[in-house]
Amino acid sequence: MNSPSRRARLTAATIALPLATALTLSGCSTHVGGAVDVAFLPQTSPAVGDLDRVKWSLPQEPAVLDPDAVSDTSASTVLANVCDRLMQVQPDLTTQPGLASSAEWTDDTTIKFILRPNVRFHDGSTMDADSVVWSLQRHMAEDAEESDEYGNVESVSATGPLEVTVKMKQRDAIFLQAMAGNGGIIFSPSAVADAGDNFGGPGSTDACSGRYRVGEWKSGTSLTLNRFDEYWNTDRTAHTQRILFTWADDDAVTNSLIGGEVQGAYLGTAAAAVPLLGNSDFTVAQGPATNAWSLIPTRSGLLSDVRVRRALSLALDREGVARAGFASLATPAKTPLGEGAWGYERDAFAAADEQLEGAPAKPSADDLEAATSLIREAGDEGKELVVASDGQPVRNVIANSIASAAKKIGLSPKIIVVPPQQYGDFYSDEALRAKADLFSDEYYISKNDPVGFYKNAASTAGLNYLGFNDPAVDAMIPKAKAATDETARAALAIALQNKWNDAMIWIPVVETPTTLAMASDITGAVASAAYLYYPWAADLGAARKDGEGK
Amino acid sequence: MSTLTVTPLPALQPRSRFGVIAWVCSVFLVVIVVGALLAPMLAPYAPDEIDFDNIWSSPNAAHWLGTDQLGRDLLSRALFGARDSLLGPVLLLLLATVAGLAIGTLAAWKGGWVDTLLARITDVMFAFPGILFVVLVIAVLGQGAATTIVALALAYTPVIAKYTRSLVLAEMVRPYVDAYRLQGVSPTSIAVRFVVPNIAPSMVGYLVVLFGDALMSLATLSYLGFGSQPPSSEWGLMVQEGQSAVIQGYFWPVFVPGALIALVVVAVNVVGVKISDRMNARMR
Numbered sequence: 001m002n003s004p005s006r007r008a009r010l011t012a013a014t015i016a017l018p019l020a021t022a023l024t025l026s027g028c029s030t031h032v033g034g035a036v037d038v039a040f041l042p043q044t045s046p047a048v049g050d051l052d053r054v055k056w057s058l059p060q061e062p063a064v065l066d067p068d069a070v071s072d073t074s075a076s077t078v079l080a081n082v083c084d085r086l087m088q089v090q091p092d093l094t095t096q097p098g099l100a101s102s103a104e105w106t107d108d109t110t111i112k113f114i115l116r117p118n119v120r121f122h123d124g125s126t127m128d129a130d131s132v133v134w135s136l137q138r139h140m141a142e143d144a145e146e147s148d149e150y151g152n153v154e155s156v157s158a159t160g161p162l163e164v165t166v167k168m169k170q171r172d173a174i175f176l177q178a179m180a181g182n183g184g185i186i187f188s189p190s191a192v193a194d195a196g197d198n199f200g201g202p203g204s205t206d207a208c209s210g211r212y213r214v215g216e217w218k219s220g221t222s223l224t225l226n227r228f229d230e231y232w233n234t235d236r237t238a239h240t241q242r243i244l245f246t247w248a249d250d251d252a253v254t255n256s257l258i259g260g261e262v263q264g265a266y267l268g269t270a271a272a273a274v275p276l277l278g279n280s281d282f283t284v285a286q287g288p289a290t291n292a293w294s295l296i297p298t299r300s301g302l303l304s305d306v307r308v309r310r311a312l313s314l315a316l317d318r319e320g321v322a323r324a325g326f327a328s329l330a331t332p333a334k335t336p337l338g339e340g341a342w343g344y345e346r347d348a349f350a351a352a353d354e355q356l357e358g359a360p361a362k363p364s365a366d367d368l369e370a371a372t373s374l375i376r377e378a379g380d381e382g383k384e385l386v387v388a389s390d391g392q393p394v395r396n397v398i399a400n401s402i403a404s405a406a407k408k409i410g411l412s413p414k415i416i417v418v419p420p421q422q423y424g425d426f427y428s429d430e431a432l433r434a435k436a437d438l439f440s441d442e443y444y445i446s447k448n449d450p451v452g453f454y455k456n457a458a459s460t461a462g463l464n465y466l467g468f469n470d471p472a473v474d475a476m477i478p479k480a481k482a483a484t485d486e487t488a489r490a491a492l493a494i495a496l497q498n499k500w501n502d503a504m505i506w507i508p509v510v511e512t513p514t515t516l517a518m519a520s521d522i523t524g525a526v527a528s529a530a531y532l533y534y535p536w537a538a539d540l541g542a543a544r545k546d547g548e549g550k
Numbered sequence: 001m002s003t004l005t006v007t008p009l010p011a012l013q014p015r016s017r018f019g020v021i022a023w024v025c026s027v028f029l030v031v032i033v034v035g036a037l038l039a040p041m042l043a044p045y046a047p048d049e050i051d052f053d054n055i056w057s058s059p060n061a062a063h064w065l066g067t068d069q070l071g072r073d074l075l076s077r078a079l080f081g082a083r084d085s086l087l088g089p090v091l092l093l094l095l096a097t098v099a100g101l102a103i104g105t106l107a108a109w110k111g112g113w114v115d116t117l118l119a120r121i122t123d124v125m126f127a128f129p130g131i132l133f134v135v136l137v138i139a140v141l142g143q144g145a146a147t148t149i150v151a152l153a154l155a156y157t158p159v160i161a162k163y164t165r166s167l168v169l170a171e172m173v174r175p176y177v178d179a180y181r182l183q184g185v186s187p188t189s190i191a192v193r194f195v196v197p198n199i200a201p202s203m204v205g206y207l208v209v210l211f212g213d214a215l216m217s218l219a220t221l222s223y224l225g226f227g228s229q230p231p232s233s234e235w236g237l238m239v240q241e242g243q244s245a246v247i248q249g250y251f252w253p254v255f256v257p258g259a260l261i262a263l264v265v266v267a268v269n270v271v272g273v274k275i276s277d278r279m280n281a282r283m284r
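Note that the protein sequences, when read in sequence, are chains A and B.
With the working numbering applied, the first sequence covers 1 to 550.
With the working numbering applied, the second sequence covers 1 to 284.
These aren't lab readings, by the way, just hints derived from the structure by calculation.
Hints are not guaranteed to be accurate.
[Unchecked claim] Derived, one-sided and incomplete: chain A residues facing chain B with beta-carbon distance under 10 Å:
1) Thr246
2) Asp250
3) Thr269
4) Ala272
5) Val274
6) Glu319
7) Val321
8) Pro393
9) Val394
10) Ala399
11) Lys407
12) Asp470
We put the beta carbon where it would ideally sit given N, CA and C, even for glycine.
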């Protein structure tokens with residue numbers, strides 16, 4: 001008998017290898033669809049030691065460090081440490097004075113900010129009322145990213161060397177919270193002028209006064225922040241000398257953490273933390289956030305009928321989405337806002353949330369029957385429902401879940417895939433929106449006040465793609481914005497929430513708390529959504545003192 | 001008047017020397033093709049049937065190959081996915097062969113500036129990295145399975161044209177071509193009726209080998225998000241959708257389609273090389 005040829009041996013090996021690998025790998029498989037136990041807190045335990053450098057991962061390289069040009073997650077995560085605001089978000093998402101030592105409503109439409117003295121910008125200049133007026137006016141400019149925070153502002157003026165007065169068209173209860181976001185950042189006008197057109201880009205210096213200053217930004221590679229040792233608040237320690245940012249998507253971040261290339265990250269997708277759970281070398285924590293994934297109907301198709309929106313909401317398996325898309329690190333949502341938005345009257349909001357109907361965690365047989373009846377009543381049986389995805393894991397899970405729900409209630413689903421780079425255009429491109437009946441997205445607000453979100457139900461709101469028009473809602477929004485009494489504001493916010501839910505302007509899917517993953521030898525970072533505005537890196541340090549064991 | 005002599009093809013060997021491995025691969029390919037054709041009857045579940053209570057199950061009695069991130073049955077998805085995965089390469093090679101055969105034959109037959117022009121055009125296309133060329137075409141025409149097939153067909157056309165040209169050039173020096181010319185048969189008729197059929201056996205072996213390459217290319221483009229779109233279960237797309245499972249320690253959603261791609265490509269290559277060898281032997 002002839003021995004097999006070299007080619008035959010090679011072929012046999014090629015066939016055998018995958019099969020052998022499969023058998024080996026099957027032993028490594030873990031079922032991760034079940035419930036998981038992760039600490040839920042606003043901030044990790046305080047640091048006890050100093051560090052020379054911490055390597056941190058961002059979801060992507062910041063486009064530019066200018067919040068008036070782009071306010072994306074990466075840029076905000078960096079700027080939180082570089083720039084101070086008039087007010088400051090705290091880890092528990094409450095708001096405290098920042099560069100303004102006090103903010104006081106002097107009448108219904110006037111607010112007076114008293115500024116802290118001796119605040120030095122990174123370029124050496126000193127903050128005064130003029131620089132604050134200049135900064136706020138920059139944010140107010142028509143095309144500025146933060147201009148929507150200034151919708152009620154009539155004028156900003158310096159009324160003293162360290163006093164700024166803002167005149168409003170009407171009383172705006174959430175304006176102070178907005179001043180803790182990127183819209184409240186105070187720049188050194190001279191530093192911005194010196195940077196010219198390159199302001200905020202690689203190679204330019206920052207113009208802020210925060211605990212860290214922008215060091216070297218190697219475009220495409222890394223961005224370093226250096227501790228600013230002339231920081232105005234000498235009580236505010238910063239344990240870490242330098243923060244080195246790199247960027248990668250969530251799956252790569254998890255690998256980088258395991259491989260030790262980075263020491264921490266705020267994860268965009270909670271499910272990416274699963275491989276780190278139960279590993280004592282890592283800390284995974286979740287914290288309150290306003291984030292939630294929603295289905296955003298466009299005006300073009302089937303979902304312009306509220307019955308179809310309600311039907312789809314009734315049939316959607318949110319628990320399944322939370323498990324499949326987020327490894328149970330998200331929770332089914334009844335509203336398009338995370339609980340972190342309940343910055344006041346929490347009990348009232350929780351009770352109202354409890355009462356909401358129409359968005360079951362897991363649809364029952366009755367829900368499906370009701371949904372099918374709604375579709376029948378609308379005369380849309382068998383009609384095509386076009387769902388947009390970007391092909392990425394979370395949106396794929398959501399799109400397929402919608403398709404499954406739609407099929408169950410008599411619709412004919414179709415998934416279209418838009419490149420991830422183009423997906424964000426759904427917000428601005430009407431022609432793109434016309435191609436789908438709905439798109440899904442994670443949305444968050446910078447203020448822990450539901451009014452800041454439900455204002456989008458106004459008939460003139462930019463995000464009201466359905467053209468929802470309810471005069472009662474239009475009348476309620478300015479009242480809610482003006483209500484400085486928290487009980488009254490909560491009542492109005494809840495009324496708006498009920499209207500929103502009744503009309504299903506957006507269909508809620510899951511709430512997604514902030515997910516923080518860190519090597520266990522560092523600690524201190526906030527675990528809540530405050531990381532976008534609060535100087536979290538200043539709290540970051542060693543979990544143990546030198547020489548202290550694990 | 002000269003007599004036309006067409007070399008007869010050698011008779012098939014009475015005893016096949018196809019080889020055990022090639023037979024195994026052939027049987028495997030037949031099983032896959034039959035599985036694809038009979039998917040609606042063979043698949044235990046609908047390919048898009050979601051079962052959130054069975055996310056990322058390992059192989060078990062209910063799901064022989066396990067389930068994916070949505071609890072969809074991987075066996076059912078693989079069977080249905082075989083349709084897209086196998087039909088795509090067939091269609092693209094059909095398109096590329098029609099175009100490549102015409103261009104290659106024309107270039108060899110006409111020679112001169114026509115040959116030079118076509119050679120330069122194919123050289124330019126060769127100079128482009130294949131994937132870049134395909135991505136550029138997709139950027140113009142939009143993504144999707146149909147576009148990817150057209151884009152890849154364009155990319156494969158110069159490859160087939162070059163191969164065809166070399167075969168036709170070798171064929172043109174054979175006496176029967178001169179004989180037909182002398183008989184007054186038109187060049188087009190000689191090319192279409194006699195030359196192309198004579199090079200067909202070599203082309204078939206070559207195309208079978210190219211099939212594996214085309215399958216891999218289509219799967220790669222689907223993996224990159226350019227090709228088949230959800231909820232299709234084309235194998236490359238299945239790998240892409242399953243990759244998030246790998247990071248979480250679960251390999252089956254990637255392994256099943258990945259292994260199928262690898263095994264089909266290997267099987268097709270083995271069979272293709274065997275067919276090519278036999279065809280060449282017969283030609284000799």
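Verification of the supplied hints:
For Thr246(A), the shortest C-beta to C-beta distance to chain B is roughly 18 Å, which exceeds 10 Å, and the interface hint is violated. The interface hint given for Asp250(A) holds, since its Cβ lies 9 Å from the closest Cβ of chain B, which is under the 10 Å cut-off. At a threshold of 10 Å, the smallest CB-CB gap from Thr269(A) to chain B is about 8 Å, leaving the interface hint in force. Because the beta carbon of Ala272(A) sits about 7 Å from the nearest beta carbon in chain B, less than 10 Å, this interface hint is met.
At its closest, the beta carbon of Val274(A) sits 5 Å from a beta carbon of chain B; the interface hint therefore holds under the 10 Å criterion. Below 10 Å, beta-carbon pairs count as interface contacts, and Glu319(A) has one with chain B at about 7 Å; its hint therefore holds. A hinted interface residue such as Val321(A) counts as satisfied when its beta carbon comes closer than 10 Å to some beta carbon of chain B; here the least separation is about 8 Å, so the hint holds. About 4 Å separates the beta-carbon of Pro393(A) from the nearest beta-carbon of chain B, less than 10 Å, and the hint is met.
The criterion of a C-beta within 10 Å of any C-beta in chain B is met by Val394(A), whose closest approach is roughly 9 Å, and the hint holds. This hint holds: Ala399(A) has a C-beta 6 Å from the nearest C-beta of chain B, less than the 10 Å allowed. Residue-level restraint check for Lys407(A) holds (minimum Cβ-Cβ distance to chain B is 8 Å; threshold 10 Å). At about 35 Å, the closest approach between the beta carbon of Asp470(A) and any beta carbon in chain B exceeds 10 Å, and the interface hint on this residue is violated.
The earlier numbered hints that this structure contradicts are 1, 12.
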